[in-house]
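Number of protein chains: 2
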Amino acid sequence: MLEKYILAAKRDRKSDLVLKNATYVDVFTATLKKGDIAIVGEKIVGIGEYEGEREIDCSNLVVTPGFIDGHVHIESSQLSPEEFASLIVPRGTTTIIADPHEITNVCGMAGPEYIAKASRNVPLDVMLQMPSCVPATPFETSGAVLDGKDIEKNIKNEYIFGLGEFMNYPGVINCVPDVLKKLEAAHASGKIIDGHAPSVYGYELNAYLCGGISTDHECVTKDEVEEKISKGMYVHIRHGSSTQNLGNAKYITDSNLRRFILCTDDRHAADLKEKGHIDDALRRLVKDGLDPVRAVTCATLNCAECYGLKWRGAIAPFYLADLVILDGLKNFDAEYVLKSGKVVAQNGKPLFDTSRRYLPKNVLNTVHLKEMHADDFILTLKGNKAKAMTIESGGVVTGCEIVDVESKNGDVVLERTDLLKLNVVERHKMTGNIGRALFKGYGFKGGAMGITIAHDSHNIILLGDDNESMARAANRLKEIGGGMVIVEKGGEIYSLTLDIAGLMSSRDAESLQRDSRSLIERAHAMGVKRGYEAFMSLAFLSLAVIPKLKVTDAGLFDVEKFAFTDINA
Amino acid sequence: MLEKYILAAKRDRKSDLVLKNATYVDVFTATLKKGDIAIVGEKIVGIGEYEGEREIDCSNLVVTPGFIDGHVHIESSQLSPEEFASLIVPRGTTTIIADPHEITNVCGMAGPEYIAKASRNVPLDVMLQMPSCVPATPFETSGAVLDGKDIEKNIKNEYIFGLGEFMNYPGVINCVPDVLKKLEAAHASGKIIDGHAPSVYGYELNAYLCGGISTDHECVTKDEVEEKISKGMYVHIRHGSSTQNLGNAKYITDSNLRRFILCTDDRHAADLKEKGHIDDALRRLVKDGLDPVRAVTCATLNCAECYGLKWRGAIAPFYLADLVILDGLKNFDAEYVLKSGKVVAQNGKPLFDTSRRYLPKNVLNTVHLKEMHADDFILTLKGNKAKAMTIESGGVVTGCEIVDVESKNGDVVLERTDLLKLNVVERHKMTGNIGRALFKGYGFKGGAMGITIAHDSHNIILLGDDNESMARAANRLKEIGGGMVIVEKGGEIYSLTLDIAGLMSSRDAESLQRDSRSLIERAHAMGVKRGYEAFMSLAFLSLAVIPKLKVTDAGLFDVEKFAFTDINA
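If you're matching them up, the sequences are chains A and B in order. To convert a position in the first sequence, counted from 1, into this note's numbering, add 140. To convert a position in the second sequence, counted from 1, into this note's numbering, add 140.
In short, the hints are calculated from the structure, not lab data. Cβ coordinates follow ideal geometry from the N, Cα and C atoms, glycine included. Some clues are possibly wrong.
Here are the simulated lysine-lysine pairs, DSS-like style, with alpha carbons at most 27 Å apart [said to hold, decoys possible]:
hint, chain 1, residue 1, chain 2, residue 2
1, A, K293, B, K144
2, B, K173, A, K390
3, B, K331, A, K144
4, B, K510, B, K585
5, B, K293, A, K173
6, B, K482, B, K527
7, B, K174, A, K390
8, A, K289, A, K501
9, A, K331, B, K296
10, B, K173, B, K413
11, B, K450, A, K293
12, B, K173, A, K362
13, B, K470, B, K174
14, A, K144, B, K289
15, B, K174, A, K362
16, B, K144, A, K289
17, A, K331, B, K293
18, A, K144, A, K154
19, B, K525, B, K585
20, A, K296, B, K174
21, A, K296, B, K296
22, A, K289, B, K470
23, A, K321, B, K160
Residues of chain B clear of chain A, computed beta-carbon distances all greater than 10 Å [claimed, not checked]:
hint, residue
24, I196
25, P263
26, S480
27, N502
28, N615
29, I660
Required output: the full structure, derived from the provided sequences and hints.
Structure, rendered in structure tokens:
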């Protein structure tokens, strides 16, 4: 194994591939250097003057280590791991720390196992975190429950890299026994624990860190960044589609640089396709004034160090030949991407087979429902005042408004109101649970719409002004195995299939996006106000940790009181 | 386990120990900060305002993480691991990366096993590297041979941390199969490999690094330091007794700081006692102009990162409470030292039991010799010209001088010359091997002297002008199980026992040093010129990798020709 590297390093044999006359980022000294980068097999073997069986002229190009995304949920792209890779690898990302939190809430350990196996089809290293909070809250029915014992058993799996973002920070701080058991299991297996502790400071932060938690991607203020770094955390600079904190880069200094890493967390397929991935974060950071070599260091060596990824994240002998050949450190346009020494993308296009899909049965057909009927959606109120959920466009925080309502035949009347029925239909265990709410101001009229993405347990969120249409929508979602649906009252049904756990599609990104756009346009045509993301704005309406009023399959939930609440006002 | 940390962190219970009003080094942000440092069990649980069952007022003191020595041979102190700890722990060192190269050359795997077990008696974490080069050269008989297969088998041991300094860099560069096997075994076990590559540059360095080697402690020039860091190595700043490169600190920049670590490599008991250990390196570095916070960072966080020691090397929640409470960052005088949360030293004195010794039989009585007789030391020469070794005072490089000799009864005549017989007597396997040389200019007269420390195979080095005395010296060394000896012709024998492998003493440092000084004085009294280190200057005369003329048990060796040579000129 070593001999072929050594022989090539000392030029006793040609290297397999040489990047000639490269300017490259030396992350160890934060400088740009020049030389031929020689590669044998999956390794860089030397920098100097080299000849290769294949050579790429890099005279006017800049080479960096492959980018590492320190924290990402693949599911947010609605793409399979293979298709996800086909979008991000050509952008220069060669390693991701992935937390399959969503699919695990639906499928249990079949989720991470699927992601692990599917990822083997593509030239992207997926370090898989075991989701730590399944379910995310006890206020809803999820497809799986992973308690301390389950974590203890499963975290030892070879394909599990660490324990995913520990969102249940109150559970840590309050020493909930099963929560501590999860943390202790991770430590016993010697695996890293990712954090998630928005606005946790001072003694509470000390307490949270005593769980042995290494990272945070939720920082937004200078004080928070500085305190968390000072207390030993690595801080992610996040470039998600909905959540960003690129501004954290302003707090980088000579001394604390090594503790900053990059991530995307949640990134939609459209953004991946049109704007990019870590490359886009780098572009933005440099545009905002961060030194490009520092930016690259955060996206490579720092992240490798944080996650203990040896021989990765730098351009030096024996390091993994994960390399990005860029037009420069301003545009960060990748002309070539090398994964483990192989050219796997060129000019933004993958050179690997993007059509392969690993699709095990246990992540398909995950919508488990009895046949639904119009009567299931009758909403009987006690009086003529009720609580209605509202949501601002572009946000995930909801409001609660007391509205006047009329009823007829024991069902609320929606005609001539700005109200809709908002139901969460349990879809994992056939409990028959339906959570009921009123939703004000969304604008939709004349039928129903629904989606099987509903953070974090991913039951069905159904919206409508017609019981029959709502039943048809639910039944169609069952039929297609999950996805998005629109039903015209007494008319057509339009749907988009997300066959993998009801969260992701096994199709290619392009056709998926085309169909997705068309369905979204139809929702707007039926009244959903511009400004809302038609379907994705619904996906957070059951997330019972974000204020103010939410609805899960178990009922209406007042997040501020942290308790279920009556719809009757 | 975690609960007690968390409860104390959020002040729901008192901490076990609180360092009140401490100024402390925050290595993550390279700043001095203030606060109470709260400790529970072996961990730091928080920084803020805390109350403890015990409190230490640190108002006028500075707290740093415990120091880490990145590379040290305990044997160089001639002390047991327990006694070694009793000297360095009170100086603030709480973790060492130890390479038991010397004892392993004598005892094989019994050596590291002994060091591992003995270290458990003391509050010092000893990360044990498996010696990679046993024997160091094929030109002598060592007590043990560890080939690729042996390394493969033993490196998996739980008590082995990594593979020790890979001195055989020509073997790596030349792809010697058994050498590569050793490296591959280390990689297969996922363990780190320390380097040793003095003046190796360019393509040869690339080749060496393709062995997957992580560190170097032999750098001395700016170019060498910068090239090695740029190629991914961590560079040690070394503060040994005989080898130093503190000057490397001059090459620290904002950007490469993280790649510098501290070590001592070889440090004699007298230096440890009188000057110190890593604390002395820090004192010197700061005196020479290095920013003290940077110096501390090299000795703590950087070293922990290099060796993958998680939760160590910083003052933050969940980090190991290995702490040094200093009078300041100028003198670096440790008032208290904490190991894993316990106060283990105060005002330079250990607070732990320093008298315990683990002494297994297989590291004792390691001098295996047949009874020696005067005749064994007859040196028959062919003519009246012979090669004689010379050595400059204070050095380890030897010279070769052609001298006129007379013989009588088939033995060389030494009277009225400046010559001595220099014999290396094999002491491991009873081969009966005696290497024979002449030694010029040392000054000793009237008997014999000998030592069982002889790098790196540690046979017996015997010097004398009287065959009978030389035999008596050898026999005495056998009798005492190794050490140092002086024989007066026809008179007394004086000796110092190094009972552990003939290299280290199980006694306390103080009495050992007193007796050692007395024996050294006797050697000088018998003529050894001042300037030589009496015994220790002899210890390198068989090291067949340092020019020019050396002698091993297998004969006289010309290092420049890299071959054995005839004593007859």
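Going through the hints against the structure:
The hinted pair formed by K293 (chain A) and K144 (chain B) meets the criterion: a straight-line CA distance of about 24 Å does not exceed 27 Å. This hinted pair checks out: K173 (chain B) and K390 (chain A) have alpha carbons roughly 21 Å apart, not beyond 27 Å. A C-alpha spacing of about 21 Å is found between K331 (chain B) and K144 (chain A), which places the hinted pair at or below 27 Å, so the restraint holds. The suggested pairing of K510 (chain B) with K585 (chain B) holds, with an alpha-carbon distance near 26 Å, which does not exceed 27 Å.
For the given pair, K293 (chain B) sits about 41 Å from K173 (chain A) by alpha-carbon distance, which is inconsistent with the 27 Å threshold. Taken as a hint, the K482 (chain B) and K527 (chain B) pair is broken in the structure, with Cα atoms around 59 Å apart against an allowance of 27 Å. This hinted pair checks out: K174 (chain B) and K390 (chain A) have alpha carbons roughly 24 Å apart, not beyond 27 Å. For the suggested pair K289 (chain A) and K501 (chain A), the alpha carbons sit about 26 Å apart, so the restraint of at most 27 Å is met.
Proposed proximity of K331 (chain A) and K296 (chain B) is supported: the alpha carbons are some 20 Å apart, at most 27 Å. For the hint pairing K173 (chain B) with K413 (chain B), the CA-to-CA distance comes to about 31 Å; that exceeds 27 Å, so the pair is violated. Between K450 (chain B) and K293 (chain A), the direct Cα distance comes to roughly 23 Å. Compliance with the 27 Å bound is thereby established for this hinted pair. Distance check on the hinted pair: K173 (chain B) and K362 (chain A) sit about 17 Å apart at the alpha-carbon level, within 27 Å; holds.
A threshold of 27 Å between alpha carbons decides the hint, and for K470 (chain B) with K174 (chain B) the separation of about 18 Å falls inside it, so the pair holds. At most 27 Å may separate the alpha-carbon atoms for a hinted pair to count; K144 (chain A) and K289 (chain B) meet this at roughly 21 Å. For a cut-off of 27 Å, the pair hint linking K174 (chain B) to K362 (chain A) stands: about 19 Å separates their Cα positions. Distance hint between K144 (chain B) and K289 (chain A) is fulfilled; the C-alpha atoms sit about 21 Å from each other, no more than 27 Å.
This hinted pair checks out: K331 (chain A) and K293 (chain B) have alpha carbons roughly 26 Å apart, not beyond 27 Å. Among the hinted pairs, K144 (chain A) with K154 (chain A) is consistent with the structure: their alpha-carbon atoms are about 10 Å apart, no more than 27 Å. Between K525 (chain B) and K585 (chain B) the CA atoms are separated by roughly 22 Å; this keeps the pair inside 27 Å, and the hint holds. A C-alpha spacing of about 40 Å is found between K296 (chain A) and K174 (chain B), which places the hinted pair above 27 Å, so the restraint is violated.
For the hint pairing K296 (chain A) with K296 (chain B), the CA-to-CA distance comes to about 19 Å; that is within 27 Å, so the pair holds. For the given pair, K289 (chain A) sits about 51 Å from K470 (chain B) by alpha-carbon distance, which is inconsistent with the 27 Å threshold. Note on K321 (chain A) and K160 (chain B): the hinted pairing is violated, with a Cα-Cα distance of about 32 Å set against a maximum of 27 Å. No beta-carbon of chain A comes within 10 Å of the beta-carbon of I196 (chain B); the shortest separation is about 19 Å.
Interface exclusion of P263 (chain B) from chain A stands, the closest Cβ pair being 22 Å apart, more than 10 Å. With a cut of 10 Å on Cβ distances, S480 (chain B) stays outside the contact zone with chain A, its closest approach being about 16 Å. With a cut of 10 Å on Cβ distances, N502 (chain B) stays outside the contact zone with chain A, its closest approach being about 32 Å. No Cβ of chain A approaches the Cβ of N615 (chain B) within 10 Å, the least distance being about 47 Å, so the stated non-interface status holds.
I660 (chain B), annotated as away from the interface, keeps every beta carbon of chain A farther than 10 Å; the closest lies near 45 Å.
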